[in-house]
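*Asks:* One-letter residues, chain by chain:
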Amino acid sequence: MKIIIAGCGRVGYALAQQLNDEGHDLTLIDNSAERLQPALSNLDLQGVVGNASSVLTLQEAGIEHADLFIAVTNQDEINLISCLLAKKSSHCRTIARVRNPEYFKEVNYFKDCMDISMIINPEFAAATEIAQLIQIPDAMDIDSFAKGKVDLMQVVITENSPLHNMKVQEFSRKFNHEILICILVHDHQVCIPNGNSVLMAGDTISIILPRKKINSFYRMSNLATIREIKDVMIAGGGMIPYYLAQMLLRSGIEVKIIERNRERCDFLSDALPKATIIHSDATDHDLLLEEGIEKTDAFVSLTAVDEENIFLSLYANKSNSTCKKITKVNRLALNEIINDLPIGSTISPKDITTEYILQYVRSQNNSYGSNVEALYRLMDNQVEALEFLVKEECAVTDIPFIDLNLKKNLLICCIIRNGRIITPSGRDFIQKGDKVIVVTTHKGLQDISDILDDSVK
Amino acid sequence: MNYSIIFKIIGWVIQLEGIFFLPPALTGFIYKEYNDALIYLLLGILCIISGGLIRRQKLNKTAFYAKEGFVAVALSWIVMSAIGALPFVLTKDIPYYPDALFEIISGFTTTGSSILTDVEALSHANLLWRSFSHWIGGMGVLVFILAILPMTGGSTTNLMKAESPGPSVGKLVPKMQRTAFLLYAIYLVMTIITVIFLLFGGMPLFDSLCHAFGAAGTGGFGIKNDSLAGYSTYLQNVITISMFLFGVNFTFYYYILIRKVKDAFRMEEVRWYFIIFLGAVALITVSLVAEGGGIGESIQTVAFQVASVMTTTGYATTDFNLWPEFGRAIMVCLMFIGACAGSTGGGIKVSRIMIYLKQVRKELMQQIHPKRIRVLKMDGKALEHSVVHSCNTLLMAYIVIFIVSLLLICLDGFDMTTNFTSVAATLNNIGPGLNVVGPTGNFSEFSTLSKFVFMFDMLAGRLEIIPMMVLFHPSTWKK
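Going down the list, the sequences are from chains H and S. Here the first sequence stands for residues 85 to 541, numbered as in this note's numbering. Here the second sequence stands for residues 253 to 731, numbered as in this note's numbering.
In short, the hints are calculated from the structure, not lab data. Hints may contain errors.
[Said to hold, decoys possible] Below, computed lysine-lysine pairings styled on BS3-like, alpha-carbon distance capped at 25 angstroms:
#, chain 1, residue 1, chain 2, residue 2
1, H, 86, S, 512
2, S, 310, H, 492
3, H, 492, S, 313
4, S, 413, S, 623
5, S, 633, H, 527
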């Protein structure tokens, strides 16, 4: 596909990197040549220096032949206008990043009247993810498939868990073959386990399970004390806390926000009358103790500074080791270092934005046959979980999995047929109309038929 | 330094050269020069095998940066020349290896300077190889590799940057491979058109091919001792036009291809190239007519020589050495200006000259209105500071290399005009200079040391100096 990306910031660059790997024709637009430079020298693409909301610049970038236009500059207005112009001058689809909450409220108007295919708000997306993590405790990370019917959940195995020293086979038997382990991270090594792999304390596993089974999984695996989260403490009062608080309050969870800017506090207290707004510096330990960090069920660090968030979560871990911790980290480069720290789940709004857009691009990329409905990057982008919709019969349909020559390091986790969830065994097969969830270390799967190993014929 | 990727690239280059040896081999068979044909065939096979072996080594990492790009390109050109010289030695047409090396470097860098006193004595296979090397070197062998190989990753841009001439290398389309492919497609089609026009004028196929290769790569190796003087006026005019067209920035043709004719003719560089060409032709014609030449005939010959020197080709239909001093001086100026960036021609390039002049004007304005802010522009767009800066650096490096070369050449004891124009002719990849190295002369009388200096100049001129300097700078090789 011919794709034009306006804005070469962190999201623009990450998108370009990924889409370039997947072989699309890319043109980047940015008004600073300096910002384009790294992309031009590291990636195989073209750059245009100019204002993305000017028709001339768009024409120079070849908008008339583009299939997709993605606007991720740091200004909502430019994103919206450029999408509008792109739409007027060609038949491309458009994606805009809009983060101003006032515009975001009118998202449906933009979609309908301006014909923008997708509007993404990084903060809102991040808040959604965090809310999910809080509502389903003890998961490090959770992603939903099939509109929330099935979840992919990351869990760490603790010493006293009955899962410790258990074979994957036994695990399946224990859970009646309804819960499947699809990724096993042992000693920083990511693998797709088979029946003989052994689970050890300290391993991170990703399991796929129907949402209804979450509670029974907790009960049987005795992962940790099941504790429903009733109150949440949030450090920082930016946009993510705002959206997050809205979501949490709606489901009856108490929210306490600590923000150091007085005006912002006033705004928050006005917009979120049910939340407790504390005007103070979140890095003040005495204050955190005073506000009950030792008793809170969850602590979310969402200040603007990565380092501050990491330290806050470390402090929360020290004073209240059982609470659920979620840390916002923007800089991906830090991931390798912080993975070993007890700061709970990490969240990066930019990552989420990139992931959402990629998901869209992939599903657009194949206009026939099967489709990628959802895509998640797991374990530092080493593993991808994809949901395919099988629209028509192809090389993999109606053949039992035993007889299919599947790629190595690929697992078919789940088939959803007519709303029923099937955890597949070797005798099961894919039918037309199924939704299939696949976990794999291979990147860039586009179609359900890509699960076949084509290296051996 | 990522050595494995450099090896791999050089492996590709050697293999490709093996394939390029096949057309001369075929020529040899056609003209019943079986000895030469066998040498080319064997060398070709040997290169394909050994290149393949070098290429097979495992890649430690695929990423490579600007440094690796420069080194890979500079080394590739040296290796390519070292191997390309072998057939001349083995067929005993140029028995002395440094001479053969000079000849092939002159070929690949599209210079066209020769050490041969009697070109016609060469076998057909060798003549074709000499001319064919112009065609290969004109657009660049690594650009060719980029066009045909699925080399993924953005770092391939570094190869193109190092090999393609011009102040800033832009891609025509987002993908490197497609850009390289388009460039070669335009190049090939234009070459074929030239051949057809030459055949139409009654030139034999072999001559047409050799001359078309020379004009396309803006090289200048002739296959006759008097270059093109012996051919009809029509053929000379065809060559004039084709040389001129190959000296135009290839982006111009791409714009025309995608029907952005307006954008094509808005390119400042192409416009100035045209103006300089017309100006030079007019001035020299006037000076020739003043000496008593006929107007029509003068324009025709002057246009040929001006196109030849300005595009840095180096064909000749007349000995411009015998022109009045004014004409000779203009020719020397043209040598330095050269063709457009992004063409197959050499020299400093019209676009750089424009940047230099614009800077002078800006500085002048600055003196008159000290607070005045003026942004340098090209094609209506602001020039990036880094581009201007690298242009200036290049000019300085160019002058230094020019002076050092001149001093070394002076040791041979020729007159100043010879020395000056011989360095200018090699560093700018033109071919002929004035006096001893004039259109009817050659480089055979220089000492071996001088020849090596010329070889370096030719390579440095073709790759625009920086890659060669990076290659020989010690810090490149430090860990």
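*Asks:* Would you mind marking each hint as holding or not holding in the structure?
*Replies:* For each hint, the structure was consulted:
Note on residue 86/H and residue 512/S: the hinted pairing holds, with a Cα-Cα distance of about 19 angstroms set against a maximum of 25 angstroms. Taken as a hint, the residue 310/S and residue 492/H pair is honoured in the structure, with Cα atoms around 23 angstroms apart against an allowance of 25 angstroms. Under the criterion of a C-alpha separation no larger than 25 angstroms, the hint pairing residue 492/H with residue 313/S is consistent with the structure, at around 24 angstroms. Annotation: proposed proximity of residue 413/S to residue 623/S is violated, straight-line Cα distance about 36 angstroms (limit 25 angstroms).
Simply put, residue 633/S and residue 527/H have alpha-carbon atoms about 40 angstroms apart, too far for the 25 angstroms limit, and the pair is violated.
When held up to the earlier numbered hints, the structure conflicts with 4 and 5 and fits the remainder.
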